[in-house]
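Each protein sequence line maps, in turn, to chains P and Z. Its first residue numbered 222, the first sequence is counted upward by one per residue in our numbering. Its first residue numbered 3, the second sequence is counted upward by one per residue in our numbering.
In case anyone wonders, no lab produced these hints; they're calculated from the structure. Errors might be hidden in some of the hints.
[As the list claims (entries may be wrong)] PhoX-like mimics (lysine-lysine), calculated; alpha carbons at most 20 Å apart, straight line: (1) Lys434/P <-> Lys152/Z; (2) Lys420/P <-> Lys368/Z; (3) Lys384/P <-> Lys368/P; (4) Lys394/Z <-> Lys368/Z; (5) Lys394/Z <-> Lys420/P; (6) Lys449/Z <-> Lys368/Z.
[As the list claims (entries may be wrong)] Not the full set, but computed from the structure, chain P residues with beta-carbon under 7 Å of chain Z: (7) Ala352; (8) Arg356; (9) Gly392; (10) Leu449; (11) Pro450; (12) Val456; (13) Asp458; (14) Glu463; (15) Lys464; (16) Cys513.
Every residue gets a Cβ at the ideal spot worked out from N, C-alpha and C, and that includes glycine.
Each chain is listed here by its residues.
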Amino acid sequence: MLKARDLTAVQDRTGKIRPDDVLLFCTFRNEDQRLPYFVQYYRDLGIDHFLMVDNDSDDGGRDFLADQPDVSLWQTKAGYGAARHGIDWLTYLQGKYAHDHWALTVDVDEFFVYPFCDSRPIRALADWLDASEVRSFGALLLDMYPKGPVSAQPYQRGDDPFKTACWFDAGNYVMSRNTMLRNLWIQGGPRARMFFADKPRQAPALNKIPFVKWQHTYAYVSSTHMMLPRGLNLVYDQHGGEKTSGVLLHAKFIDTFSTRAAEEAVRAEHYASGREYKSYETRQGADPDFWCEWSERYINWRQLEGLGLMSKGNWA
Amino acid sequence: MTLGVVMLVHTAFDRAEQMIRHWADAGCPVVVHVDRNVGQATHDAFVAALADLADVSFGRRYRGEWGMWGLIAASQAASRQLLDRYPQIQHVYLASGACLPLRPIAELKAYLAARPDTDFIESVTTGDVKWTVGGLDRERFTLRFPFSWKRQRQLFDGYVRLQRLLRVRRQIPAGITPHLGSQWWCLTRQTLTAILNDPRRAAFDTYFRQVWIPDECYYQTLARLHTRRLESRSLTLAKFDFQGKPHIFYDDHAELLARSGCFVARKIWPQAKALYHRFPSGSQADLEPHTGTIDRIFAQAVDRRTSGRRGLYMQSRFPFMERENGFTAVPYTVLQGFDAIIPDLAGWVTAQTGVVAHGHLFATDKAHFAGGAAIYRGGLSDNARLRDYNPKMFLTNLVWNGRDRHQCFQFGPADSQAIKWMLARDAQASVWVVTGGWAVSLFRSGKPASVVRSEAARLQQVESRFISALQSPDARSRRHIMTLAEFLGSPVDVLQAITDDMAGHRATALAQPPAMVDLDGFAAFLQDLKNQGMHPYLAGDFAHGNKMKSLRPQPRKAYVIGKK
Numbered sequence: 222m223l224k225a226r227d228l229t230a231v232q233d234r235t236g237k238i239r240p241d242d243v244l245l246f247c248t249f250r251n252e253d254q255r256l257p258y259f260v261q262y263y264r265d266l267g268i269d270h271f272l273m274v275d276n277d278s279d280d281g282g283r284d285f286l287a288d289q290p291d292v293s294l295w296q297t298k299a300g301y302g303a304a305r306h307g308i309d310w311l312t313y314l315q316g317k318y319a320h321d322h323w324a325l326t327v328d329v330d331e332f333f334v335y336p337f338c339d340s341r342p343i344r345a346l347a348d349w350l351d352a353s354e355v356r357s358f359g360a361l362l363l364d365m366y367p368k369g370p371v372s373a374q375p376y377q378r379g380d381d382p383f384k385t386a387c388w389f390d391a392g393n394y395v396m397s398r399n400t401m402l403r404n405l406w407i408q409g410g411p412r413a414r415m416f417f418a419d420k421p422r423q424a425p426a427l428n429k430i431p432f433v434k435w436q437h438t439y440a441y442v443s444s445t446h447m448m449l450p451r452g453l454n455l456v457y458d459q460h461g462g463e464k465t466s467g468v469l470l471h472a473k474f475i476d477t478f479s480t481r482a483a484e485e486a487v488r489a490e491h492y493a494s495g496r497e498y499k500s501y502e503t504r505q506g507a508d509p510d511f512w513c514e515w516s517e518r519y520i521n522w523r524q525l526e527g528l529g530l531m532s533k534g535n536w537a
Numbered sequence: 003m004t005l006g007v008v009m010l011v012h013t014a015f016d017r018a019e020q021m022i023r024h025w026a027d028a029g030c031p032v033v034v035h036v037d038r039n040v041g042q043a044t045h046d047a048f049v050a051a052l053a054d055l056a057d058v059s060f061g062r063r064y065r066g067e068w069g070m071w072g073l074i075a076a077s078q079a080a081s082r083q084l085l086d087r088y089p090q091i092q093h094v095y096l097a098s099g100a101c102l103p104l105r106p107i108a109e110l111k112a113y114l115a116a117r118p119d120t121d122f123i124e125s126v127t128t129g130d131v132k133w134t135v136g137g138l139d140r141e142r143f144t145l146r147f148p149f150s151w152k153r154q155r156q157l158f159d160g161y162v163r164l165q166r167l168l169r170v171r172r173q174i175p176a177g178i179t180p181h182l183g184s185q186w187w188c189l190t191r192q193t194l195t196a197i198l199n200d201p202r203r204a205a206f207d208t209y210f211r212q213v214w215i216p217d218e219c220y221y222q223t224l225a226r227l228h229t230r231r232l233e234s235r236s237l238t239l240a241k242f243d244f245q246g247k248p249h250i251f252y253d254d255h256a257e258l259l260a261r262s263g264c265f266v267a268r269k270i271w272p273q274a275k276a277l278y279h280r281f282p283s284g285s286q287a288d289l290e291p292h293t294g295t296i297d298r299i300f301a302q303a304v305d306r307r308t309s310g311r312r313g314l315y316m317q318s319r320f321p322f323m324e325r326e327n328g329f330t331a332v333p334y335t336v337l338q339g340f341d342a343i344i345p346d347l348a349g350w351v352t353a354q355t356g357v358v359a360h361g362h363l364f365a366t367d368k369a370h371f372a373g374g375a376a377i378y379r380g381g382l383s384d385n386a387r388l389r390d391y392n393p394k395m396f397l398t399n400l401v402w403n404g405r406d407r408h409q410c411f412q413f414g415p416a417d418s419q420a421i422k423w424m425l426a427r428d429a430q431a432s433v434w435v436v437t438g439g440w441a442v443s444l445f446r447s448g449k450p451a452s453v454v455r456s457e458a459a460r461l462q463q464v465e466s467r468f469i470s471a472l473q474s475p476d477a478r479s480r481r482h483i484m485t486l487a488e489f490l491g492s493p494v495d496v497l498q499a500i501t502d503d504m505a506g507h508r509a510t511a512l513a514q515p516p517a518m519v520d521l522d523g524f525a526a527f528l529q530d531l532k533n534q535g536m537h538p539y540l541a542g543d544f545a546h547g548n549k550m551k552s553l554r555p556q557p558r559k560a561y562v563i564g565k566k
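Just chain P, with the same shape it has in the complex (with noise of 0.2 Å):
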């Protein structure tokens, strides 16, 4: 990997990290507004150790971080688009410290939701899941969106983003299978109902697997919506079952956005240059309003397990 050559330790505690730590790898451009919420989520989770690759912010968000004891923090000016949406470099990092360890990889802005999450600690999954020989687990990336036009209720630092950003599409998900690497692509939810209506090929994929038990020969082939070795991909069962999965809580939509949108289009480095932010800045100027008299109130992961949206499988 030479995308280690694109990395600087800004702050290295690595060597904090014991043997049955679960790891958190993120890499993140100008979150400082969202980076204290994020942390304290997932401590709260119960990730031992945080693994952030800051692709040249300019914001404060470094500072905070490398202040955090559980932290550790790299840095980069590289390209993101050339290191394919920071998965190199976030490979590199797997690679050397998430061997043998459960690994969540997730963006500023993605929260994790899984079965009891509410009661028990994401070391219970991994324990849960090492007991039954599952090596990787997947998730739906489901897009938050507040009711309303977004920028109308700004975002504080510190912030919940859902407790604006609350609303979702329950039931309007499509997948199919990918022959090649077996996952499933699903598309769908509000950003193809609103902005990908004439070309739904194009909507974002919203197939994720988050969670896996690292081993330094597994790589993410695409953002996190697939892996090699392919095996890793079957998160899902195809005999009518449900495995146990999660979903990543997305709060793309809170009110960074527009400024976000307007940024992206112009560095053009996102996937396929920027299409979908410049479907955004198209279509909705850049202030959408998701919300419809279908949309779902966010109340817990019980409440996702019901829509069918997450499954409990056999975990009980």
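Got chain P sorted already, so can you dock chain Z onto it with the hints?
Okay, now just chain Z, sitting in the frame of chain P:
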């Protein structure tokens, strides 16, 4: 009367120590077996930590691997040690470091003291259990299993196949009948001593050494030889999932466990602080263990993992559609052709039955949801492109999202036909077709037959393909197909049958039939089409003239002349 404990420990030593102290504090001598795979340093530290307890001793160490003999050897040696050192012991309880006493141990002792001759060991014959791993039941007693299922799966499977091929059948020692059951037992001194001192023990041990998973059958079988009174149940609450792996209890199970009245539960997640803090806790001393609620919850979990929720497609359930018994979650109704004759069909159906009546969900312009909504339940969009991107899942989503109601929608040859085969094969679909209904629409357009001729031919062709799909051998939906002429012969009977089918027991006799279109001149229109060279055979036979009397149509070959 005293209770002694044999405790098997291989991990989570801090919790094991805590449990040993529980037992010891309650006056129970404990013999601990620490797995040979545990490092010497860990072992020594563990022994030192318990050095202050006089009645805790350590047994000879064996290598205990799941499904192998080591666990039996360990419990034999530890039991012997316990019985020899403590002659006052009347019952021996086999526990592990992950077993948590839920009720005060004094209550358990009182319970056992009241039943001095009873052995508590689950013990059932192979025919009566369904939880065996790897599909082996009787064979676990008649084949040899020298290889580890966990570490040497290929050798294990290969050796089983080889023995099957060679028709190997081990002789089961005379006088015993193989029994299976939970490996966590509580035996009387009398029974346990008899097992350990049995003159044929060497022969039994040799036999069981190569049986598969001896800790589920060794004591369970031999106790039957010596018991005075055997209760076939374990005093330890232990649940197993469909892979034979123990279910684990967490903090959120506390209420469930407290209400169960069980004496001991396993496995407890070592970090379930609230459970370890709360238990053992007091209860009514004379409470009998009852595990009904817990049994149900874990049975549901197994069900969800193996069968899942029908009609649900999500990131961890994506069944091969062909194999699914019904692609969708609940029954629904598809009506084709009726709306040409009954203009406000949806309104009428809703008024009659209370079901959700959509318009043409697969119309080419958009999905016509009930009430004309642009977005329907679950966030389904009426956008045709979005729908046609994955029409099958549009339908599975629609039915799943509205699974608390019966839904019905209109279909027709002018609609997108992408779900044609799904409607034929989905056992949840009830499909009612009036063939030739499109002819009424064309008739009512007011255009002359010469103008609509080619459109009529196209619609007839599309409809006949749909009918072929519905009549194909692998069609599994409930299908009701009639010609327009047949329907018009007795419309009220048909509509009554449809509403009965949709509303089930809530259906009532039709108060009055819906308003139907005026078909004055329709027969002449059909004749006109024929005169133009297009035979609308799907409409059925109409008597010439204006009377709407139908004749039963004969089966016939489709033919259409001239399609421009």
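Comparing the hints with the structure gives:
no. : hint                  : verdict
1   : Lys434/P <-> Lys152/Z : holds (19 Å)
2   : Lys420/P <-> Lys368/Z : holds (15 Å)
3   : Lys384/P <-> Lys368/P : holds (11 Å)
4   : Lys394/Z <-> Lys368/Z : holds (16 Å)
5   : Lys394/Z <-> Lys420/P : holds (18 Å)
6   : Lys449/Z <-> Lys368/Z : violated (25 Å)
7   : Ala352                : holds (6 Å)
8   : Arg356                : violated (14 Å)
9   : Gly392                : holds (2 Å)
10  : Leu449                : violated (19 Å)
11  : Pro450                : violated (19 Å)
12  : Val456                : holds (6 Å)
13  : Asp458                : holds (6 Å)
14  : Glu463                : holds (4 Å)
15  : Lys464                : holds (4 Å)
16  : Cys513                : holds (5 Å)
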